[in-house]
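Trainee: Each chain is listed here by its residues.
Number of protein chains: 2
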Amino acid sequence: MALSEFDLIDRFFRHCGASRADVRLGVGDDAALLACPPGEVLAAAVDTLVEGVHFPPGSPAESIGHRALAVNLSDLAAMGARPAWALLALTLPSADATWLSAFTAGFAALAEAHAVTLVGGDTTHGPLTVTVTILGHVAATDALRRSGAAPGDALFVSGTPGDAAAGLALEQGRLQGVEGAQQLRDRFLFPTPRVALGERLRAYASGCIDVSDGLVADALKLARASGCGVEIAATALPLSGPLRTLGLKRARDFALTGGDDYELCFTVPLERVARLQAELPCEQWGYTRIGTVSAESGVRVRDEEGALTVSSEGYDHFVSG
Amino acid sequence: MALSEFDLIDRFFRHCGASRADVRLGVGDDAALLACPPGEVLAAAVDTLVEGVHFPPGSPAESIGHRALAVNLSDLAAMGARPAWALLALTLPSADATWLSAFTAGFAALAEAHAVTLVGGDTTHGPLTVTVTILGHVAATDALRRSGAAPGDALFVSGTPGDAAAGLALEQGRLQGVEGAQQLRDRFLFPTPRVALGERLRAYASGCIDVSDGLVADALKLARASGCGVEIAATALPLSGPLRTLGLKRARDFALTGGDDYELCFTVPLERVARLQAELPCEQWGYTRIGTVSAESGVRVRDEEGALTVSSEGYDHFVSG
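These protein sequences, in sequence, are chains H and L. Mapping of the first sequence onto numbering that gives the first Met the number 0: position 161 corresponds to residue 160, and the numbering continues sequentially without gaps. Mapping of the second sequence onto numbering that gives the first Met the number 0: position 103 corresponds to residue 102, and the numbering continues sequentially without gaps.
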C-alpha cells in the first residue's frame with residue numbers, strides 16, 4: 000500500500016472508540032501512554048481472526064470489526080476485569096475505504112459501549128488478518144481464574160450456547176430452513192461479550208472461562224486448570240427458540256460442541272449459589288446452572304437416557320453417543 | 000491445526016523470555032495479570048510482520064522471532080520507556096516443531112536480553128503473520144515524543160542507517176559482491192533495538208522517533224509532529240564500512256531512504272548537546288549529529304554540492320538529485 004493509503008487508514012483509527020482521561024497519549028506516536036488505576040493490576044489478552052478460518056470470506060466488514068474486539072473483551076470478562084484500551088493490528092489485501100469504514104463502525108460501536116479507546120494500531124499489506132490486544136484492569140486479589148473450581152461447585156453458563164455455531168452453519172449454507180435464522184446468524188456475526196457479568200461474578204465465582212471453542216472443550220480447560228472434572232446435565236442446557244427448531248439432539252450437539260459463543264462458563268461454591276441467584280437474578284443476568292464440578296477428571300454429559308461418553312480430549316474427539 | 004498442535008505451541012510459549020515478579024499470571028488463562036510500577040504510565044505498541052512484505056519468504060525462523068520483538072522494542076525505545084511484557088499473535092500455515100523452536104529461540108534470546116516476559120499469545124492457522132504487542136512503562140512526564148522538537152535543536156541518529164536495507168537487498172539477491180555482506184545481512188536479520196539509549200535520552204532529547212521506514216521518512220514524521228522541518232548534512236551521515244564499499248552516492252541513498260534500521264532519530268536543544276556528549280559519549284553510545292531542526296517544514300538534505308531536493312512526502316517520492 001502507498002503512504003497515502005496508510006494515511007487514510009490512520010484517519011479511521013485516530014479517534015476510534017470512547018474518549019478516556021487515562022489515555023495520556025493515543026494513536027500517532029511510537030507507543031501509547033496509559034495511566035493504570037493505582038491498586039489494580041493490568042489485564043492483557045490478544046486474539047487473532049483470520050479470514051477463511053475464523054470467519055467466512057466475504058463476511059460483513061462491520062461484523063469483522065465487532066468480532067475482533069468482542070472476542071478480546073470476552074477474555075477480560077472471563078477474568079472479571081474492566082476493559083479500557085485496545086490496540087489493533089490489521090493486515091489487509093487492499094485499502095478499501097468502504098470496507099474500512101464499515102469495519103471501523105463495527106469496532107467503534109462495541110468499543111464505545113464498553114468505554115474502550117483504540118490507543119494504537121499497525122496496518123500492513125497481506126491476507127486479511129485482524130489481531131486485537133485488549134488491556135484492562137482488575138483488583139489483583141479479585142481476578143477470576145480458570146484454576147479456582149473445586150469438586151461440588153455448581154457449574155453455570157451464560158446465554159444460550161450453540162447459537163453462534165448454528166449461525167455460522169447458516170452463513171456457510173451448511174444449514175437451511177431454520178425458523179429464527181437471523182437471530183442465530185446475529186449471534187455469530189455480533190456476539191455479546193459478557194463484560195458486566197464477569198465483573199459482578201468476582202464476588203461469587205470460584206472459576207471462570209469464556210466459551211470460544213465450545214462448551215465441552217472450554218469446560219474441560221477450566222476443569223483441568225482446577226485439577227478436577229465437570230458433569231453437565233444435557234437436560235439443563237439453555238437452548239434458544241431458534242436452536243430448538245433443529246430438534247433436541249442437534250440443538251444439544253450445537254450447545255455442547257459449537258464454538259464462537261463468547262459466553263461465560265463459571266463455577267460457584269454451593270454456599271454462595273443462593274446469594275448469587277438473589278443478588279444477580281438469572282432472568283436478568285441470563286445464566287443457567289448446567290452441572291457440577293466433580294473430583295473425577297474429564298467432562299461427562301448426562302441426558303435422559305444416562306451418561307454420554309465424552310473423551311478427556313474434548314471438542315476434537317467429542318463422542319456424542 | 001488440531002488441538003495437539005496448539006498444545007505443542009503452548010509448550011513453546013509458556014516459559015518464554017525473562018522471569019519477572021510483576022507477572023501475577025502469565026500464559027495459560029484468558030488474560031495475563033501484570034503489576035504496573037506505581038507512579039509510571041504504561042507504554043503500549045503493536046507491530047505486525049507479514050511474510051513476503053516485511054521479510055522475504057523463507058527467512059530464517061530465528062530472525063523472524065527476533066525481528067518481531069525487536070521492531071516493538073524499538074517503539075518503546077523511541078518513547079524512552081522500559082519494556083516489560085509482550086503478547087504474541089502468531090498465524091502459521093502449519094505447526095512445524097523445528098521452525099517453531101528456532102522462532103522461539105530468536106524471540107526468547109532478545110526477550111531475555113531486555114528482561115521481557117511473554118505473557119500471552121494466540122496461535123492461528125493461516126499465512127505467516129507475526130504480531131507482537133509490547134508493554135512497558137515510563138514516568139509520564141519523562142516520556143519522549145515525536146512532537147517536542149523545536150527549530151535550532153540538533154538532530155542525531157544512532158548506529159549506521161542504511162545497513163539493514165542493503166542487507167535486505169543482499170538477502171533478496173538485488174545486491175551482490177559487497178565486502179562485509181554478512182554484517183549488512185545481520186543488520187537486517189537481527190536489528191538491535193536501542194532500548195538503553197532511549198531510556199537515557201529522556202534526560203536530553205526534545206523529540207525522538209525510531210527509524211523503521213527510512214531516515215528521511217521518519218525524520219519527516221518527527222518534524223511534522225513538532226510543527227517544523229529538518230536539515231540533514233549528507234556529509235555527516237554515519238556510514239558503515241561495508242555500506243561505503245557501494246560507493247558514496249549509493250551508500251548515502253541507503254542511509255537516507257532505506258528502512259528496517261530500528262535506530263533512533265532524536266533532537267536535542269543546543270544548550271543540552273555538550274552535556275549529552277559528555278555524559279553519553281558518542282563513541283560509547285553510538286550516535287551521530289546529522290543536522291538541525293528548522294522552522295521551515297519538510298526535510299532538506301545538503302551535500303558537498305549544495306542542496307538536494309526532498310519532497311515533503313518523504314520516502315515514497317524521495318528525489319535524490
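Quick caveat, the hints were computed from the structure, so don't treat them as lab data. Misleading hints may appear alongside valid ones.
Identical copies look the same in the list; a pair holds intra-copy or inter-copy alike.
Computed list of lysine to any residue pairs in SDA-like fashion (alpha-carbon distance at most 25 angstroms, straight line) [claimed, not checked]:
#1 K248 with L279
#2 K248 with R10
#3 K248 with P237
#4 K248 with T140
#5 K248 with D9
#6 K248 with R274
#7 K220 with S58
#8 K220 with P126
#9 K248 with T122
#10 K220 with R13
#11 K220 with S93
Trainee: For each hint, tell me whether it holds in the structure or not.
Mentor: How the hints compare with the structure:
Within a single copy, K248 and L279 get their C-alpha atoms no closer than 31 angstroms, and across copies no closer than 72 angstroms, so neither meets the 25 angstroms cut-off. With identical chains, the CA atoms of K248 and R10 are never at most 25 angstroms apart, being 49 angstroms at best within one copy and 36 angstroms at best between copies. In the homo-oligomer, the alpha carbons of K248 and P237 lie at most 25 angstroms apart inside one protomer (13 angstroms), although the nearest pairing across protomers, at 72 angstroms, exceeds that limit. In this homomeric assembly, K248 and T140 never come within 25 angstroms of each other (Cα to Cα): the closest approach is 41 angstroms inside a single copy and 61 angstroms across copies.
Taking the shortest Cα distances, K248 and D9 never come within 25 angstroms of each other, neither inside one copy (49 angstroms) nor across copies (34 angstroms). Proximity of K248 to R274 under the C-alpha cut-off of 25 angstroms is found in neither arrangement, the shortest distances being 33 angstroms within a copy and 77 angstroms between copies. Taking the closest pair of Cα atoms, K220 and S58 never come within 25 angstroms of each other, the shortest separation being 30 angstroms inside a single copy and 35 angstroms across copies. Taking the closest pair of Cα atoms, K220 and P126 never come within 25 angstroms of each other, the shortest separation being 31 angstroms inside a single copy and 27 angstroms across copies.
For the identical chains of this complex, K248 and T122 are neighbours neither inside a copy (44 angstroms) nor across copies (32 angstroms), given an alpha-carbon limit of 25 angstroms. Within a single copy, K220 and R13 get their C-alpha atoms only as close as 38 angstroms, which misses the 25 angstroms cut-off; across copies the closest is 16 angstroms, which meets it. For the homomeric pair K220 and S93, the shortest alpha-carbon distance between copies (23 angstroms) is at most 25 angstroms, but the shortest distance inside one copy (38 angstroms) is not.
Checked against the numbered hints listed earlier, the structure breaks hints 1, 2, 4, 5, 6, 7, 8 and 9; every other hint is satisfied.
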